[in-house]
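The listed protein sequences correspond, in order, to chains A and B. Here the UniProt record's numbering is used: position 353 in the first sequence is 353, and no number is missing along the way. Here the UniProt record's numbering is used: position 73 in the second sequence is 73, and no number is missing along the way.
Keep in mind that the hints were calculated from the coordinates and are not lab data. Careful: at least some of the hints might be erroneous.
Any copy, or any two copies together, can satisfy a pair, since identical chains are not distinguished.
DMTMM-like mimics (lysine to aspartate or glutamate), calculated; alpha carbons at most 25 Å apart, straight line [said to hold, decoys possible]:
id, residue 1, residue 2
1, Lys132, Asp346
2, Lys132, Glu85
3, Lys263, Glu354
4, Lys101, Glu285
5, Lys184, Asp254
6, Lys18, Glu317
7, Lys263, Glu175
8, Lys214, Asp327
9, Lys184, Asp327
10, Lys214, Asp271
11, Lys78, Glu61
12, Lys287, Glu318
13, Lys214, Asp254
14, Lys170, Glu61
15, Lys214, Glu43
16, Lys184, Asp229
17, Lys13, Glu354
18, Lys348, Asp327
19, Lys170, Glu94
20, Lys101, Asp83
21, Lys18, Asp347
22, Lys263, Glu277
23, Lys184, Asp258
24, Lys18, Glu61
Protein chains: 2
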Amino acid sequence: MLSTKTNEIVVVKTETSKIEGIDFNNLTFGRTFTDYMFYCDFENGEWQQPTVAPYQPMTIEPSARVFHYGQAVFEGMKAYKDDNEKVFLFRPKENFKRINKSAARLAMPEFPEDYFFNGLQTLLNLDSAWIKPGIGNSLYVRPFVIATEPAISASPAASYRFMIICSPAKAYYTEPVRVLFAEKYSRSADGGVGFAKAAGNYAAQFYPTSLAQKKGFQQIIWTDASTHDYLEEAGTMNIFFRINDKLVTAPNNDRILDGITRKSVIQLANDNNIDIEVRRVSVNEIKEASRNGSLKEIFGAGTAAVISPISAFEHSEEVFEIPTTKDSYASLFKTQLLNIQHNLTDDKHNWRYEIK
Amino acid sequence: MLSTKTNEIVVVKTETSKIEGIDFNNLTFGRTFTDYMFYCDFENGEWQQPTVAPYQPMTIEPSARVFHYGQAVFEGMKAYKDDNEKVFLFRPKENFKRINKSAARLAMPEFPEDYFFNGLQTLLNLDSAWIKPGIGNSLYVRPFVIATEPAISASPAASYRFMIICSPAKAYYTEPVRVLFAEKYSRSADGGVGFAKAAGNYAAQFYPTSLAQKKGFQQIIWTDASTHDYLEEAGTMNIFFRINDKLVTAPNNDRILDGITRKSVIQLANDNNIDIEVRRVSVNEIKEASRNGSLKEIFGAGTAAVISPISAFEHSEEVFEIPTTKDSYASLFKTQLLNIQHNLTDDKHNWRYEIK
Ligand SMILES: Cc1ncc(COP(=O)(O)O)c(C=O)c1O
Ligand SMILES: Cc1ncc(COP(=O)(O)O)c(C=O)c1O
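Extracted from the complex, chain A is given alone in its bound form (with noise of 0.2 Å):
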């Protein structure tokens, strides 16, 4: 269906692919990329011809809005390849709506389906090579959109590029991640756009995450700007507390990206017939459950990582930490998601997207 278009997108073909130089299994997060990219502009109202050409620099101008007032969106997928050279995503659907949603929140114009989803399987069967099969390999996919117009008066722009880029991944963290429990800085405010995949979202946290890593916590868990009573999410993950058996994460509100693997894990919970409960979850909770021994695991929940445990946390000069638990829920999600994500099992929720 969505493949009879395809043959709108220009092709521009290599002759040369650099996927011999390419150690995979020495791959450093994000620094590779693959032979190919799509990109797509926006000029006079109208997204223009959709286009793959070999992954190479741009040209802009520097007064390109993006550079100055950050209208900058983006996504972040994975392509996972089976036994049986068969390529799947993880429902990029759900990529598609959300990059809009950020889109609109940015004031930046939304990128039709058909567009989306036909440029994901031309580039995917380019870049197919660079997808390896087995668990803890995929291809991290990076759809984005920048303000292309040389222009800058504080205003949306005029002109815009799609792009998506591939770049070879490994699993993102595998240690177990110490983290800090947010109480000065915020990410986020209520009517802002941290529900957004908005660029400068991640660069507002570089600095109080450099601080956190000098103190020897690798991420920060977000808490509510007003109070910091509540916690919100990490800087690529959403969050799950397990207290007891019973699983706890922070209900989406216009501060807190809703995230896909996060989604997956509610109904993971449910198909396991394990108690969830969304719902806010504060500070004073978490410290108490530590303290009382119900609290059992706290992980994260995102595309880089898909699941990453969290073996303590700090609060107010005070560290926690969270002793290991046979039977985790963690491995337990993490186990089942990626034998959905790699074909190795029935997916009941049609979560799998194949490019053909």
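Got chain A sorted already, so can you dock chain B with the ligands onto it with the hints?
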């Protein structure tokens, strides 16, 4: 003193100026760029060769971190020419300090002071013909820094480009503006990056501002994100309220840009023996003052607009018109500022900085 290092800048000259084609009486803000630009790359932990070259498009990787994580900060200043062809900037040291404050908050390297001022000197000398004398004319000068490293992991970049581009300008807002007081959306959070001139802060305002514009208001006055009870600043201006003969403006905090025009207005108020209070200003106080007739003026203060009178505001679906005042403070400060900027009057605070 500064000029002794100027010869360290590599200058690439152009044979042809674009200036002949420019109608200086019909300029749209931020769309026309001068003949030259300044740039300097940060690589291997150091700022490299500073260069002035013809303004031109640049080449950058699609994976450059600025496109994905919004690591980008900027400044805005203006150059003025007097009738003797002397060129001045207004308090550029404040812009220099502020861009480094912004950079630090976004985990970006600070730029050296001598590079900054030598760059400005060299660039503005080459582009001097673009600065027209006479009040209302100026050259808008835009220093900015972007993360150029081609890597899409969510962490600070290792390479950056610092640039200065220039655009000839007329006054930004000519008509008094009508504003909305924010009730739902917010510009920034406590503990966030609102005090920095971070690119992402601006894109976040475009959509709420477009909603305001549909209702007939050109700008939004942002309120504190937690309660929306206190008035903070506009998108590119700090805000002053005149109640009877007293001026009031919000204090700086981590949500508000520490404006150079604001600082100068506070000084001028003192110089003119105008009573000024720097304190929180509530929406209710201003509505009440409007109702009882003590609200005489509201005006914005910022580099682009200089001083911009506000003629009406809306809150809770109620519109408050502000009658025009004889002997307005807005026009007093505007005249005094422009006279200092254009070297038409004494400069007792040493705000002018001459380009030699
Ligand atoms: C701020 C933030 N929260 C959560 C997530 C997890 O979302 P998802 O599961 O859709 O990848 C991400 C990353 O994508 C993120 O950037
Ligand atoms: C958010 C914001 N507030 C206030 C201002 C005014 O600051 P300045 O007077 O330094 O130009 C600006 C513009 O520069 C701004 O972007």
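How the hints compare with the structure:
1. In this assembly of identical chains, the alpha carbons of lysine 132 and aspartate 346 lie at most 25 Å apart only when taken from the same copy (21 Å versus 71 Å across copies).
2. In the homo-oligomer, the alpha carbons of lysine 132 and glutamate 85 lie at most 25 Å apart inside one protomer (9 Å), although the nearest pairing across protomers, at 66 Å, exceeds that limit.
3. Taking the shortest Cα distances, lysine 263 and glutamate 354 sit within 25 Å of each other inside one copy (20 Å), while across copies they are farther apart (59 Å).
4. With identical chains, the CA atoms of lysine 101 and glutamate 285 are never at most 25 Å apart, being 33 Å at best within one copy and 36 Å at best between copies.
5. Taking the closest pair of Cα atoms, lysine 184 and aspartate 254 come within 25 Å of each other both inside a single copy (20 Å) and across two copies (11 Å).
6. Taking identical chains as interchangeable, the C-alpha atoms of lysine 18 and glutamate 317 are never at most 25 Å apart, the minima being 48 Å within one chain and 60 Å between chains.
7. Taking the shortest alpha-carbon separations for lysine 263 and glutamate 175, only the intra-copy value of 24 Å comes in at or below 25 Å, while the best inter-copy value is 49 Å.
8. For a Cα distance limit of 25 Å, the shortest separation of lysine 214 from aspartate 327 qualifies neither inside one copy, at 32 Å, nor across copies, at 56 Å.
9. When the C-alpha separation of lysine 184 and aspartate 327 is checked against a cutoff of 25 Å, the pair qualifies neither within a copy, at 35 Å, nor between copies, at 44 Å.
10. In this homomeric assembly, lysine 214 and aspartate 271 never come within 25 Å of each other (Cα to Cα): the closest approach is 40 Å inside a single copy and 46 Å across copies.
11. Only between protomers do lysine 78 and glutamate 61 lie at most 25 Å apart by alpha-carbon distance; the minimum there is 21 Å, versus 31 Å within a single protomer.
12. Within a single copy, lysine 287 and glutamate 318 get their C-alpha atoms as close as 10 Å, which meets the 25 Å cut-off; across copies the closest is 46 Å, which misses it.
13. Taking identical chains as interchangeable, the C-alpha atoms of lysine 214 and aspartate 254 lie at most 25 Å apart only when they sit on different chains, with a minimum of 23 Å there against 30 Å within one chain.
14. In this homomeric assembly, lysine 170 and glutamate 61 come within 25 Å of each other (Cα to Cα) only across copies, at 22 Å, whereas the closest approach inside a single copy is 34 Å.
15. In the homo-oligomer, the alpha carbons of lysine 214 and glutamate 43 lie at most 25 Å apart only across protomers (23 Å), although the nearest pairing inside one protomer, at 45 Å, exceeds that limit.
16. For the homomeric pair lysine 184 and aspartate 229, the shortest alpha-carbon distances inside one copy (11 Å) and between copies (22 Å) are both at most 25 Å.
17. Proximity of lysine 13 and glutamate 354 under a CA criterion of 25 Å is satisfied intra-copy only: 23 Å inside one chain copy versus 54 Å between copies.
18. Taking the shortest alpha-carbon separations for lysine 348 and aspartate 327, only the intra-copy value of 23 Å comes in at or below 25 Å, while the best inter-copy value is 74 Å.
19. When the C-alpha separation of lysine 170 and glutamate 94 is checked against a cutoff of 25 Å, the pair qualifies only within one copy, where the shortest distance is 22 Å, while the shortest distance between copies is 45 Å.
20. Proximity of lysine 101 and aspartate 83 under a CA criterion of 25 Å is satisfied in neither setting, with 35 Å inside one chain copy and 52 Å between copies.
21. With identical chains, the CA atoms of lysine 18 and aspartate 347 are never at most 25 Å apart, being 34 Å at best within one copy and 61 Å at best between copies.
22. When the C-alpha separation of lysine 263 and glutamate 277 is checked against a cutoff of 25 Å, the pair qualifies only within one copy, where the shortest distance is 13 Å, while the shortest distance between copies is 50 Å.
23. Proximity of lysine 184 to aspartate 258 under the C-alpha cut-off of 25 Å is found in both arrangements, the shortest distances being 24 Å within a copy and 20 Å between copies.
24. For the homomeric pair lysine 18 and glutamate 61, the shortest alpha-carbon distance between copies (16 Å) is at most 25 Å, but the shortest distance inside one copy (28 Å) is not.
The structure does not agree with the numbered hints 4, 6, 8, 9, 10, 20, 21 stated previously, though it agrees with the rest.
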